[in-house]
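Participant: Position chain E relative to chain S; hints supplied.
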Amino acid sequence: MDMIQNVLYGFQVALQPLNLIYCFFGVLIGTLVGVLPGLGPAAAIALLLPSTFKATPVSAIIMLAGIYYGAMYGGSTTSILVNIPGEAASVVTCLDGHQMALRGRAGPALGIAAFGSFIAGTFAVIALTLVGPFLSGIALRFGPPEFFALMIVGIMVLTFLSSGSMLKALMMAAVGLILGGVGMDSISGRYRFTFNIQVLLDGVGLVPAVMGLFGISEVLENLETEIKREILTEKVKNLLPSLKDWAESIWPILRGTVLGFFMGIIPGGGAIISSFASYAIEKKVSKHPEEFGKGAIAGVAGPEAANNAAAGGSFIPLLTLGIPANAVMAIFLGALMIHGLQPGPLLMSRAPDLFWGTIVSMYIGNGMLLVLNLPLIPLWVMVLRVPYYILYPLILLFCLIGSYSIGNNTGDVLIMLTFGILGYLMRKFRYDGAPLVLALVLGGELESSFRQSLISPSSSPVPLLLGF
Amino acid sequence: MGKADRISGIFWLVFAVFIGVQSYRLGLGTLHKPGPGFLFFWTGIILAIMSLIVLLRAWSGKKTEEPGISIFGTQNTRKILFVLISLFLYARFMETIGFIPVTLLLFVFLLGIIEKKKWFYTIFVSVVVTVAAYLIFETWLKSQLPKGLLDFLRF
Chain S
5 MDMIQNVLYG FQVALQPLNL IYCFFGVLIG TLVGVLPGLG PAAAIALLLP STFKATPVSA
65 IIMLAGIYYG AMYGGSTTSI LVNIPGEAAS VVTCLDGHQM ALRGRAGPAL GIAAFGSFIA
125 GTFAVIALTL VGPFLSGIAL RFGPPEFFAL MIVGIMVLTF LSSGSMLKAL MMAAVGLILG
185 GVGMDSISGR YRFTFNIQVL LDGVGLVPAV MGLFGISEVL ENLETEIKRE ILTEKVKNLL
245 PSLKDWAESI WPILRGTVLG FFMGIIPGGG AIISSFASYA IEKKVSKHPE EFGKGAIAGV
305 AGPEAANNAA AGGSFIPLLT LGIPANAVMA IFLGALMIHG LQPGPLLMSR APDLFWGTIV
365 SMYIGNGMLL VLNLPLIPLW VMVLRVPYYI LYPLILLFCL IGSYSIGNNT GDVLIMLTFG
425 ILGYLMRKFR YDGAPLVLAL VLGGELESSF RQSLISPSSS PVPLLLGF
Chain E
7 MGKADRISGI FWLVFAVFIG VQSYRLGLGT LHKPGPGFLF FWTGIILAIM SLIVLLRAWS
67 GKKTEEPGIS IFGTQNTRKI LFVLISLFLY ARFMETIGFI PVTLLLFVFL LGIIEKKKWF
127 YTIFVSVVVT VAAYLIFETW LKSQLPKGLL DFLRF
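One line per chain: the protein sequences are S and E, in this order.
Residues in the first sequence are numbered from 5 upward in steps of one, following our numbering.
Residues in the second sequence are numbered from 7 upward in steps of one, following our numbering.
For reference, chain E alone in the conformation it holds in the complex:
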C-alpha cells in the first residue's frame, strides 16, 4: 500500500490545508461565540495531522494491516473511464436533448460499443428500456423528466 498511501496521504493533506485556510477566512470567533469556520478549522487540522501520519507510514515503508492491491488494472480502466465519460455527457445533455433521446444514446453506447453486443440486440434492448423507463418514471411516478428536443411532441 506504500505508493498508494503516499498519493492519498498527499491528497488529503492538501485538501485539509485548503479547508483550514478557508475556514480561517470564514471567521473562527471565540470559544464562547464560535464562528462559521470554527469547527471546520479544527477538523481540517485534525485531518491534516492524520494524512501526515498516513503519508509518513507510507514513506517509511512500515507494514500496515491491509493487503496491497494494484491500483489500476489495464484495459478495464479504459472501460470505466468511458462509462464515466458517458455518464457525465448524459448529465450535461439531459436537459438540452431531452430524456428519451439521451437515454437511448446511453444504452446504445453502453451495450453496443462498450459491451460490444450485436446491433439488433442493442437497439432492441435500448428501445425497450427507454420506453419502460419513460412509462415508469414519467407517466406513473410523474417525475417530470426533461423534454429537450422533443418538447414539441408534447407527451
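Next comes chain S alone, as it looks inside the complex:
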C-alpha cells in the first residue's frame, strides 16, 4: 500500500544519524525554551533559523519542528513548578498543575502532562500521515483565485480569534501585507516603498521582523516588571502517575487530543485556544467540577494533550496547502522558502523526503521528549534558577548575532531592532502581532495570486469576492 511505503521512506530519512541529531537538538532546545518564561516557540524558531542555513532543508525543518512541539512539553514544567507559564499554551496548566504541586503531587502532575502530551503528539502525527496526502490531492485542483480566497480566510480566522480587538488585529494584517510589499515587485520589476534606503531594497526579511516582533519586544516588555519567581524547592519525586490518576486522566487526554488536533488544523485556532477549550470542557463533563482549580489531574491532562495535538495538527495546512495555521507556522513557511522550497500541494511530490521525513521525525521526537522530560526535570529546575538579568542579555545577544548572520550585514540587525520597538509599542497599545506576521509571510503569495487571478482572461473577480 502506498501509505506504508511512504511511511517507511519517511523512517529511512528520519533515522539518518544527522537527522536524528537535529531532531534531538530541536526537542532539547524546544523544551528549554518552553521551560524558560519570556521566550516562546515563535521567538526560538526565529532565533534559530539562521543556524539552519548551513543544513539541508530536511534537517532544518526536522529541528525546527522539534523546537515547536518540544516547547509545548517544556511549558508545562514551569507551569506546574513555578506557576509561571513557559509559554501561552501552558497558562491553563498553571491552574490545577501548580495546585497539585503545592499538595506534594508535582511528580504525578509532571508525569501525566508528559504522557498525555506523548499520546496526543503521536495521535496527531498518525492523523497527519492519513489526512495529509488526501488534502494535497484536493488542493492540486486549486487555482490562483482559490488560493487567494484560502489565504484570506486564514488571515480572517486568525484575526477573529486573536486576543484583544478584532479591528486592531485586522489592521495589523493590513500592515503586514503592506510590509510584505516592500522591495522589488517581481511582476513589474519596480521598487516599492524603499525610498532609497539601502537595507529595504531586498524587502523586509521575515527572520529579522519576527526576531524583533517576538524576541526583542518580549525582552523589552519583561524589563518593565521584575519577574519574581518562587521555585518549588522540595524534591520532585514519584513521577509515575498512579492507576487512579490514569483512570481520571485517560478520557481527558483522549478528548483533549481530538479537540486539539482539529483546532490546530483550522487557521488561527492553535495550541493556546485548544488548551483553554479543553479545560472548559473537562470542567463541564467532570463528576467533580468543584475540584478544578484545586488540583484536579484532569485539568492538567486534558489541556496538555490538547496543546500538543494542536501543535501537530497545525502542520497539516502548511505541509499540504502551504497555508500557515498560526504565527509559528508562518515562520515555518518562511523557513521553507528560505531553503528554496515552495510550500503548497506540490510539496509532497516535489520534496517527499521533506514531507515524510518530517512527519516520521515527529513520531521519533515525541518519543525522545517522553524520555527526556521525566529524568531531566532537576536540570530544568536548575535552569529556572538562572536570574533574568543574565538571561535577557543572552537573548538579546542571540538576536543580534542571529539577525546579522542572515546576510552578514548590519541592515538586518537594524530592521530587527526597528521591529523590536514596533513590537513593544504594539504590545503596549494592544495590537496583536500574529496577524502581522501571517500577512507578511503570505504577502508575496497573496499578491501574486491576486494579480494572476485578475490578469487571467477567463476569470472574473467573482471567485475572489466569494472568498470573502
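Among these hints, one or two may not hold up.
Straight-line Cα separation of at most 30 Å, DSBU-like style, residue types lysine-lysine; simulated pairs [to be verified]: (1) K432/S - K123/E; (2) K248/S - K291/S; (3) K288/S - K248/S; (4) K85/E - K39/E; (5) K122/E - K85/E; (6) K123/E - K85/E; (7) K85/E - K9/E; (8) K432/S - K122/E; (9) K153/E - K123/E; (10) K298/S - K248/S; (11) K432/S - K85/E; (12) K58/S - K153/E; (13) K432/S - K9/E; (14) K288/S - K298/S; (15) K287/S - K298/S.
So the derived label-pair ranges between C-beta atoms look like this [stated by the list, open to error]: (16) T36/E - F266/S: 23 to 31 Å; (17) G411/S - L87/E: 22 to 30 Å; (18) H38/E - G448/S: 17 to 25 Å; (19) I129/E - K288/S: 53 to 61 Å.
Sample of chain S residues lacking proximity to chain E, with all beta carbon distances greater than 10 Å (derived) [unchecked claim]: (20) L99; (21) A178; (22) D206; (23) P293; (24) R389; (25) Y408.
Treat the hints as calculated values from the structure; they're not laboratory data.
For glycine and all other residues, C-beta sits at the position ideal for the given N, C-alpha and C.
Facilitator: Frame of chain S, contents of chain E only:
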C-alpha cells in the same frame, strides 16, 4: 484606552494615507491588468478607514473590550530606552570595532551599568559570554562575524 487609541489611531491613519499616496504613484493599472500599487492602494484605504474607526471610538469615549493600561511606567522606561540605545550602538559599531570588543562592551554595559552588578562579576561574566559566543558562533557554526579592529590578529 482612550488616549492611547487616539495616538495609535492617528499614527496608523497617517501611515495608511502615506502608503496610499505611494501606491498611487506606483501605478494602479486597471482591474484586469493590476499595477504594482494596486493591492496596496486598496489595503491602504481599508487601513485608513479602520484607523479612523479606532480614532473615533477613542474620541467618543466608547468603552472597548480591552482593559486600560498605563502606557509608560516611570523609571523602567529609562531602562528600556538605554537598552535599546545600546542595541542600536551595537549594530552601528559591530563592523567597525568588531564582534569581540563590541560584545564585551555590551555585556559590561548591561550587567554593570544597567543592572548595577559588582564589577568583578560583570567583567567575569562578560568575558565568559563573549568567549563562549565566539566559540559557538564563529568557530563551530562558522557564522563569519565581523572582525573590525582585531582583524590583524587573524583568528
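Participant: Does the structure keep K288/S and K298/S at a Cα separation of 30 Å or less?
Facilitator: holds, 15 Å
Participant: Checking a non-interface call: every C-beta of chain E should be farther than 10 Å from the C-beta of A178/S. Is that right?
Facilitator: violated, 4 Å
Participant: 53 to 61 Å was suggested as the range; check whether the CB atoms of I129/E and K288/S agree with it.
Facilitator: holds, 58 Å
Participant: Is K432/S close enough to K122/E, meaning Cα to Cα at most 30 Å?
Facilitator: holds, 27 Å
Participant: With respect to the beta-carbon atoms only, verify the hint that T36/E and F266/S lie 23 to 31 Å apart.
Facilitator: violated, 43 Å
Participant: Please work out if K288/S and K248/S have their alpha carbons no farther apart than 30 Å.
Facilitator: holds, 20 Å
Participant: Is it correct that the beta-carbon of D206/S has no partner in chain E closer than or equal to 10 Å?
Facilitator: Label holds. Min Cβ-Cβ 16 Å, cutoff 10 Å.
Participant: Just to be careful, I want the Cα atoms of K85/E and K9/E compared with a cutoff of 30 Å; is the pair within it?
Facilitator: Holds: K85/E and K9/E sit about 24 Å apart, inside 30 Å.
Participant: Between K58/S and K153/E, does the CA-CA distance stay at or below 30 Å?
Facilitator: holds, 21 Å
Participant: Is the nearest CB of chain E more than 10 Å from the CB of L99/S?
Facilitator: holds, 21 Å
Participant: Verify that the Cβ of R389/S lies farther than 10 Å from every Cβ atom of chain E, and report whether the claim holds or is violated.
Facilitator: The claim holds: R389/S sits with its nearest Cβ about 16 Å from chain E, beyond 10 Å.
Participant: Would you mind confirming whether the straight-line C-alpha gap from K153/E to K123/E stays at or under 30 Å?
Facilitator: This hinted pair holds, its Cα atoms lying about 29 Å apart.
Hint compliance for this structure: hints 4, 16, 21 and 25 are not met, and every other hint is.
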